[in-house]
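Undergrad: Take a look at the letters that make up each chain.
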Amino acid sequence: MRIRWWRPPRRLSFTREGRIAVFLSIGVGFAAINTGNNLLYLLLGWILSFIIASGVLSEATLKGLVVTRRPPPRIYASEPFLMEVVIANEKTRRASYSIEVEDLEGTRPIDKRCYFLKIPEGKQQRTSYRHTFVRRGQYTLTGYRLATKFPFALFRKSRDVDAPLEVLVYPARVPVSRPPPRTANRGDAVADRLGRRGEFHGLREHRSGDDRRDVHWKSSARTGRLLVREYEDELARRLVIVVDNALPDDVRDAVTANADTAGPVTEPGPWSQGFGAMTPALDAQVAALERAISTAASLASAYLAAGWTVELAARGTRVPAGTGKLHEAAISRALALLPYVSEAVAFAPLPPRIESVLVQPRGVIANGRPSAGTVLEV
Amino acid sequence: MRFAAAHKAATYLLVACAYVAMIAGGGVSPLIALAGAVGLVGSWWWEPPLVRFERWSWVWTVASLFALVYSVLTAIVTGDFLGVGAQFLVWLVVAKAYNRRAARDWQQIYLLSFLMLVAGSVLDPDLTYGVCFLGYVIAATWAMTLFHLRREMEDNLLVKHAADRASERVEVRRILDSKRIVGARFFVGTGALSFGVFLISAAVFLALPRVGFGFFLKTKNSLVLRGFADTVKLGGHGLLKDDPTVVMRVEVASQIGGRNAPEIHWRGVAFDQYRSGTWRVSHDAPSTLDIVDSPRPGVERHTLNWIWSRPSEGDAIERVGARQDIWLEPLDSDAMFGASLPRVFERAGQLRRPNRTNMQNDELRLEHSGTIHYTVWSQLAPPPVTVLRKASGPLPPNYQVYLQLPLDEISPRTIALAHKIADGKSNNYDKAVAIREWLVDNLGYTLELVEPRRGQEPLDFFLFDRKKGHCEYFASAFAIMARIVGIPTREVDGFLGGEWNEYQGYVAVRAGDAHAWDEVFFPGSGWVTFDPTPPDRNDPLGRGGEGWRAKMSRLMDTMRFQWTKWVIEYDLVAQLSLFRDLGSALKHGATELRDVLVRVVRLWPLLVGIGGIVLAVVLFQRRRALALAPTSGGPPRGRTSIGRVYDAVGRRLAKAGFARPPAQTPRELVARVPQAIADDVRELTELYYSAEWGGNIDPAAERRAAELAAAIRAALDRPATA
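In the order they appear, the protein sequences are chains A and B. In terms of numbering that gives the first Met the number 0, the first sequence has 199 at position 200, counting the first letter as 1, and numbering is strictly consecutive. In terms of numbering that gives the first Met the number 0, the second sequence has 107 at position 108, counting the first letter as 1, and numbering is strictly consecutive.
Any given hint might turn out to be false.
Derived DSS-like pairs: lysine-lysine, alpha-carbon spacing no greater than 27 Å straight-line [claimed, not checked]:
1) B:Lys419 with B:Lys466
2) B:Lys178 with A:Lys122
3) A:Lys117 with B:Lys178
4) B:Lys586 with B:Lys550
5) B:Lys232 with B:Lys389
6) B:Lys7 with A:Lys117
7) A:Lys90 with B:Lys466
8) B:Lys419 with B:Lys467
9) A:Lys122 with A:Lys62
10) B:Lys550 with B:Lys564
11) A:Lys90 with A:Lys217
12) B:Lys7 with B:Lys232
Honestly, the hints are just simulated from the structure, not real lab data.
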């Protein structure tokens, strides 16, 4: 946590009251000089010292504050999440009043701010703000801004602190229906068993992330520990989800053309937002691919939740088969970071005789797609 | 205290201070001031749920319009814009107090209170203003801070976020009613802060350069005193010898100050023509020879060139004369007073040139309104008696006026008496002394006035029938009798003596010290003061009493004087001298600094007050700190032996990739460690819980913990299983 050297350590901006105070001091100062009335000098002295005291106190209130931000474990694009903000007052003698905390993306604050009325000395307080990232991918919150108008709301004084926080935003969740298996190479995987959760294997202690429905309440009550059921591994139901992340060269060029200078995207809208070189036609293709990625992620979650073993394949990317919540995170992570590639990049070879779903973007033409049991065009 | 109540109380205190500061000067009529005060008090309860503001807003709007029209019309008719403006301010603040709905209304109340303070600065430069200002500074710090918190709460805080549902607003009322946000500690802390603000204000006040243009100088109700107008009628009203109103305060050199020092004649105006029992300044009286120059930038110097007098060079007189620093309250006269005989007057220059009044009889008159500060250098000692006895020669031109006599009015027995007293003496000086001694020895002093018979000359009545009177009778009788025997004489009005203030070392001259005496002209030597009034044994004011009430009143006067000296009349000269003092103190080091400190220490009444406040704050905070301190003090509890074993294992686990983040409990960690050591870690964790938090430590448990730790370490050191 260090203050960037090229940035002014403090920023001051006048509030409405501050402008009134400055206006009054100019008026009273003029009147004092004009009339020689010493009491007006006294009033002028008071306003000026009030402003000075305001600066000193706001400085003291911003001192010794440390902010920790805790994002939730999973953040999905276009879905609001709560960022927990914990602020600790490390001063030993003075409370801090009226503190605002804003997350910074680059040097700009994101649109939400957290307010703390009073942070007693040596104590910490927590609150959270609601925010939405419109697009999937890796975000960096470069730091946070501490601001206060304490004590007289004459100024808003702020201090930027560098504290990079990496946030991974998973693809947006979309409603999907699991297509029924087409390749009947496993005759026992009949439709009426899909809703079940498999064979009972044993009990183990609850871990973070376990489905609450799996808690075995009777045993938990008996032992005093939270125990969950474990099921037989369901190798029987395997699936490969294939996403075609190829885009024609001109579209990719348009996407990357202005990416560096584009500002953060805060509102859902056309994909061209923020990318200067896009046209509606190119935009439609990117939107379709993003839809495909979202669908693939949602499909993977749906199958994994049903107990399937899922593998992910895309051009240049592969997540080996796996199961459970952790595996879902791995797939979501891969999809969150999935780049747009050229159609020259080949798919990893699909395992033989395994059920597969190909999710391909509508309106994007690419060669070299593997043949899959089910093809979803979105 | 509830937060909302604290905010309201602080705001009302603020308004009260500003209100008193404004009305104390008397610029607002007492009836309106009282009505405003009653209205403000009533507005305290005028709020929901008792009253709904919206239902009454139209009434206030109409009434405000009416008040505005009325004020504008009154101002145009009477021309008293300041007074009417102050009255309108009273209306506005009362109206706002009854309509404090939103944050903006509170803001406007603060702004109005500040405007009242500004208005008060013009209307009331008294010490009351200083006290109100101090209260205002403290209340403003409280009110503004609380207002800021309140608005931030209303704007910001009151949204509660939840992951699974829309964010909801928290009830504002609940927080405004909370007693936990501000307490006594807050008020004491911010009170101390506002004291700091006050000190900085004072420093800024002293440091701001005093280069004024003085277009609109303030005016203050002046004190009407008899004796300093253009005419003085003998035997009109009695002098108010017991009026303790201070008319001027004089800092004098220590040899002429002090309780037992000789009383000084503070010379003001002089009269040359006596007729029908009235003293006047005649047209023919010689004009004052007033030489004006500027010895230093921003300073105006008047050197009075007393004819036939000693060196008239101003710088020379400033070296040899007795210096006095005078703070003169506004009187109905524009005469400048100084110890007799005043030679040089200096004051901070003002660019506005007053209309020069015709000054005669060696008076100095400068138009001023409000308290004025100036410095005088006087020649106190008269010429030696031998010189005066030898004084002879022709009178300067126009000096015949000092021999004027209304011969048709003066009774023959008065003339006869004068000759009888003086004729045996060989020179004017001895004649004058003889007349003075005769008056002092043969006549009595009284303030009880008895009107002479119709048609009787007042002096004749005084000398032969009444045989007692006050100073004006003595001075007049002396002047007339001296003129009868051919001595040029004039009557002088001013003040005598004054109360010696031991706290600050100055003389407070009161209205009751007004006095009349004479000046006798000796060719070649100039004017010499003669006071023919017998020393008054029953002077009710004197040099000031010794009782505690007199001392208290002197203490109060000290404060008032400090206020006048350092606030009201703090000018460029005072500022430059302060800076010079500070500068030389810094330059010359400790000795000078000590002198300045000694001067500061002389302000001990103020220092004691400040010290008392600081002490009270410190004691109060200590008491609170003691009350709030945890009852079982002592250092934080150390780790138990098992706790330390657990910590060591924790570090080893962290090295192996199973660090426990702060948000994770030790039991949660157990779920994460590899299966091979899970059981050992679980058992150790339970031992740790039991020891550290349950207080169960016994040698068996310690041994078991050590075994488990060793086992875990061993398992982690085997890379294959880890």
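Undergrad: All hints, please: hold or fail.
TA: Now for the hints, and whether the structure bears them out:
no.	hint	in the structure
1	B:Lys419 with B:Lys466	holds (17 Å)
2	B:Lys178 with A:Lys122	holds (19 Å)
3	A:Lys117 with B:Lys178	holds (13 Å)
4	B:Lys586 with B:Lys550	violated (38 Å)
5	B:Lys232 with B:Lys389	violated (35 Å)
6	B:Lys7 with A:Lys117	holds (20 Å)
7	A:Lys90 with B:Lys466	violated (84 Å)
8	B:Lys419 with B:Lys467	holds (20 Å)
9	A:Lys122 with A:Lys62	holds (14 Å)
10	B:Lys550 with B:Lys564	holds (20 Å)
11	A:Lys90 with A:Lys217	violated (48 Å)
12	B:Lys7 with B:Lys232	violated (59 Å)
Comparing the model with each numbered hint stated earlier shows that hints 4, 5, 7, 11, 12 do not hold.
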